[in-house]
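Number of protein chains: 2
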Amino acid sequence: MSQWIWRYGEFECYHNMILHTRRQQYGYPEPVVWKLYAPEPVVCFKKEVTTEGGVFRIHALGNISVIVGAEPWNQKKYGGQREIKLEPGTTTVLIRVANTETFPCIYVDGVIESDDTWLCDDMSQDWKKVGTSEMFASSDQTPDHFPFSYLPVSWVKKEKVEGGVLFDFGKETFARTCFSGLGEGPVKVRFGESREEAMDAKWCVIRFEDKPEKGVLSYIPYAFRYLFVSDENVEVKAEYEYLPLEYKGSFHCSEEIINKVWDVAAYTFHLNSREFFLDGIKRDRWVWSADAYQSLFVNRYLFFDKEIEKRTLIALGGKQPFKVHINTIMDYSFFWIISLYEYYKTYGDKDFLEQIQDQMKAVMDFCLERRDEDGFMRGKPGDWVFIDWAPMDKTGALCGEQILFAKAMECYAAICAVIGRDDRGLGGEAEKLRKQIFEKFYDTEKKVFIDSYESGKRNVTRQSNILAYLFLGCDDTVKKDIYERVVLNDEVPQITTPYFKFYENQVHCKAGNTNLLEKSIREYYGSMLATGATTLYEEYDPTMTGVEHYAMYGNPFEKSLCHAWSASPIYLLGNFRLGVENTGIAYDTFDVRPNPGDLKGFQGKVPVPGGTVSVSVDQEEIRVYSEIPGGTLYVDGKTYTLEAKKECRVRRKSDV
Amino acid sequence: MSQWIWRYGEFECYHNMILHTRRQQYGYPEPVVWKLYAPEPVVCFKKEVTTEGGVFRIHALGNISVIVGAEPWNQKKYGGQREIKLEPGTTTVLIRVANTETFPCIYVDGVIESDDTWLCDDMSQDWKKVGTSEMFASSDQTPDHFPFSYLPVSWVKKEKVEGGVLFDFGKETFARTCFSGLGEGPVKVRFGESREEAMDAKWCVIRFEDKPEKGVLSYIPYAFRYLFVSDENVEVKAEYEYLPLEYKGSFHCSEEIINKVWDVAAYTFHLNSREFFLDGIKRDRWVWSADAYQSLFVNRYLFFDKEIEKRTLIALGGKQPFKVHINTIMDYSFFWIISLYEYYKTYGDKDFLEQIQDQMKAVMDFCLERRDEDGFMRGKPGDWVFIDWAPMDKTGALCGEQILFAKAMECYAAICAVIGRDDRGLGGEAEKLRKQIFEKFYDTEKKVFIDSYESGKRNVTRQSNILAYLFLGCDDTVKKDIYERVVLNDEVPQITTPYFKFYENQVHCKAGNTNLLEKSIREYYGSMLATGATTLYEEYDPTMTGVEHYAMYGNPFEKSLCHAWSASPIYLLGNFRLGVENTGIAYDTFDVRPNPGDLKGFQGKVPVPGGTVSVSVDQEEIRVYSEIPGGTLYVDGKTYTLEAKKECRVRRKSDV
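Order-wise, the sequence lines are chains A and B.
Counting in the working numbering, the first sequence runs from 80 upward without gaps.
Counting in the working numbering, the second sequence runs from 80 upward without gaps.
The following block holds chain A by itself, in its conformation from the complex (with noise of 0.2 Å):
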């Protein structure tokens, strides 16, 4: 069957170039703050066929100068003829593509086909294996359109006001919009994520002021659940563009807050899973490292696609020469290369790592370089240091740093292993650096990990000892006094942003304390969604009232209501309840182990290769049904073999 074809990384590349100029801004266009790359111009496709004989047909984007033959003494040259007819037998195929507009890519059918068993090649002799997409399997859908799905959707309130109409959608949505029935203007359009901000002129992030063609205005699709129009006779049609993604996971438990904020993820965790994982819907709609690591734990809960996560991870490797951090964030390098090997055991995936192998490496050297004399890295001029918004000490080299760049280097050598490439002596090197992070940074008399040794201030986060207690291999010992000292230390500041709620709740899972899981959802996300969240927050304080939950960055309305970070309880409740995990390689062992935590309890399904586990826990029993061998059930200290298809049932101890 033939599908569209490109050198391997160019459609990621290209999306990821369009993705990121689209940004809109207080009524501009705002271009990405980091660095782009741009798909090559020219590249030649390649493959050696044998038919017997007939007529092949060539569709491209781009122009296209074909030569069949591999030899010059036996080439012929075809120019740009799309319709070629080949003599029977064994020849090579070369079809040279052209492309300065979108990215060189062409689809072949007829006598051959083109497939992922073609080879590419941006005119340095640097044959690689092509990159295609179940999505690209027709000549007429082509690849510089990523083809979104549309259904429409309608407001369910509309008010005129201050001269124009506000539609109330009722819920978060991302939807191209078409008014009519407008006057000669200029109109007046604003998306809001709030009430507030939709009526708010000055601040309201997505607006425009246009003047509509024979009454017709219309935008391509922006986030809002509320849309003022300055014009009283103004008609709407909205329709909501989504990727077709499928629910494969679920959770349904005896708590109806903890289920409306499973749900509320999943919408959330939806609108930002598109070319890309996107961190938020309405203001960057941009494709952040970190962000999307913890996507790809969510998504693994939820639509378990692996596409999704593939074009991600090869859109952020960017391109060569590699002169700047991803996302020009220091921790989001590391966080991509963890990302890679994350991804190959969950989908074994070793074509992938020996397609992004050389990006990998290039980002890894580019680290390496950047060590300092005693191993650490600190931020250089321009680089950017994130680890969490939080009153940490950023002196100096930060024990968060090194506990990822280890782990980014223990990675990369896993990978090498995996390809049978020599990883250069990183594995030891990961090793050495921890020993270095406990001897610089482990406070002997505290018994856990601080911010920076430099300042002498001896500072103790969450953020450090989190990242420690699950990057850093340490053993039980320590993670206990991290956990007792630390997570469960009411004095050590407290997370507040969703993103590191991700860690610092696995931590509490991990550690045992079973209901604190629960008590989190319910009380954040559970008082989020009651100041009327119809999808979840960028960040969210709930000592805060009213519009203070829209402002952010200094502007009232710029805070992301719609933010992919904040759907980790998907990840949470199927991984620690449901307690579905991946043990090997590719599900081809893994573990289940049902903890009712806080819960009575639940019924769920969590995607595996090839089907799903189905886990479901009421206060007598246990019952799994796997789709797939390989699993191992452990209830109450007992280990059950899972059989592929056939139900396993385990009465609970009474006291749990």
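Careful: at least some of the hints might be erroneous.
Treat identical chains as interchangeable: a pair holds within one or across any two.
In silico lysine to any residue, SDA-like type, Cα no more than 25 Å apart, as pairs [what the hints assert, rightly or not]:
id : residue 1 : residue 2
1  : Lys429    : Asp667
2  : Lys156    : Gly106
3  : Lys125    : Glu325
4  : Lys125    : Tyr105
5  : Lys526    : Cys553
6  : Lys402    : Gln436
Think of the hints as simulated: they come from the structure by calculation, not from any bench.
Using the hints, position chain B against chain A.
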């Protein structure tokens, strides 16, 4: 005065990309056969400014976001606002620009102005001085559009033939065309450099078959002398498209055929001097490094246009990662580095060397990594090895390639010395390689160089020996042997390309055999003109007749009849007859060595920085008038210091 500014090199990168995707071949657009580089989609411009306060305006290609203030705590964001008011005092202006269609660039006027004092970053904290051009000094003259000039041109003969009309424009031109009065069509339009080409439906290189709109068809500029249109009612309007360059050099002598060759060479060269130096105006219209190298020399005796040299060298250098030779050809990478130093010597433009040094290092590093253990460079899979179209022995390491490689290293070291950068020992490496070339390729019996030592054939060609003569720094004995045993030896196969005639004629002139330049011009170019050439051909064999002259690459009309590398008489007559040659940096010192050669007399001008040097030779007297100081006149073994703007007259010895 404000100018458009861009990230240094991006203007050339963009136009190089566009230019290389404009070729037409047998009815199809033909993609380039080598690697192209795309412009950066997002960059940031910066300047620290001190003003008394007031408004500045921004014009941009792309979306912008403006920040005023040097540090995060005093920065103010203006988004896409195009008019901004500055407070009095000193601050920093940052303008981020995204453009995925052409390339990001801005024009700022008002209280601050964009010019070459601004810096630009490709979002990797890699701040560099911006690129500018005098061509773009007004806000509405945007650099995405190369500003050519236009002149109407008319046909001189019109003929109804084969159901259509054949127009003869009298000479080769490069013009945009508009055909009117057409029927419904489809109409065939053929652009021919020869009558035969225009009349050949199958083998005419530039041809179209299009449906007129309202009786009209328009085409972007193509090369032609003849136009065939398959509609008897057609009317044509044509406008010659050209770069307005001043003819600063001139040459006029006692022999009409030589004057005619000079004039036709100048016109040929002008047609090919556009965004960059092109190879030929009909077929490729591409930028080839070794062709461009020769164009530098011609330019210096005709237009003395520094800007086209700079644009060409920037475009050829490409970007990083540098993964394949320039134009895919090994010798062309060497010629590029040699050209950089030639450019510096001519114009003293140290700023250019500063800007290009990173790319020069990338190209040289690529070459150094491809050396074999013996230090020689052999063609690797995918490399092309050119030197010349000639029956050379191309086995293993080639003499010509090593000679150029050594010269490139020498030039690299010389450039490093100018800009105070470490040459990494390449000066010494060049010397070492030269010794090795003598050891392996110099045949001590034949007393000349062989092409290859690995084959055992010990083949002798003009090409290898001429390159040794010109680039290897041989002593006079070796040079004399080369000249007598190879260049004057009719048993060594003749040079057949004007490309290598450029080098051979230099050797004739340097070796003092003073009448051979005229002989070559008369016989080779004179007979080319006798075939009806109105511009100079890519290749010419005097033994051919009729349409044979138009065939190349196995196809009847694929030869370029207007090829830049044939314009060398401009340089040769200027350098070896008028005798003006730069001997310092930017003509701070220069020689004038008038040499009548085989001519009774001549007069002409050679451009130099800030003026011209006029030289006139008749049978009695030599007169030289230089508008700049620094010159030394050499006549009959005596030297005369040339004062600026003062004529120097020297009587010739009667026996010369």
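Consistency of the hints with the structure:
1. In this homomeric assembly, Lys429 and Asp667 come within 25 Å of each other (Cα to Cα) only inside a single copy, at 15 Å, whereas the closest approach across copies is 63 Å.
2. In the homo-oligomer, the alpha carbons of Lys156 and Gly106 lie at most 25 Å apart only across protomers (13 Å), although the nearest pairing inside one protomer, at 51 Å, exceeds that limit.
3. In this assembly of identical chains, the alpha carbons of Lys125 and Glu325 never lie at most 25 Å apart, being 35 Å within a copy and 47 Å across copies at closest.
4. Taking the shortest Cα distances, Lys125 and Tyr105 sit within 25 Å of each other only across copies (23 Å), while inside one copy they are farther apart (47 Å).
5. With identical chains, the CA atoms of Lys526 and Cys553 are at most 25 Å apart within one copy only, with a shortest distance of 12 Å there and 75 Å across copies.
6. Proximity of Lys402 and Gln436 under a CA criterion of 25 Å is satisfied in both settings, with 17 Å inside one chain copy and 17 Å between copies.
Checked against the numbered hints above, the structure violates only hint 3.
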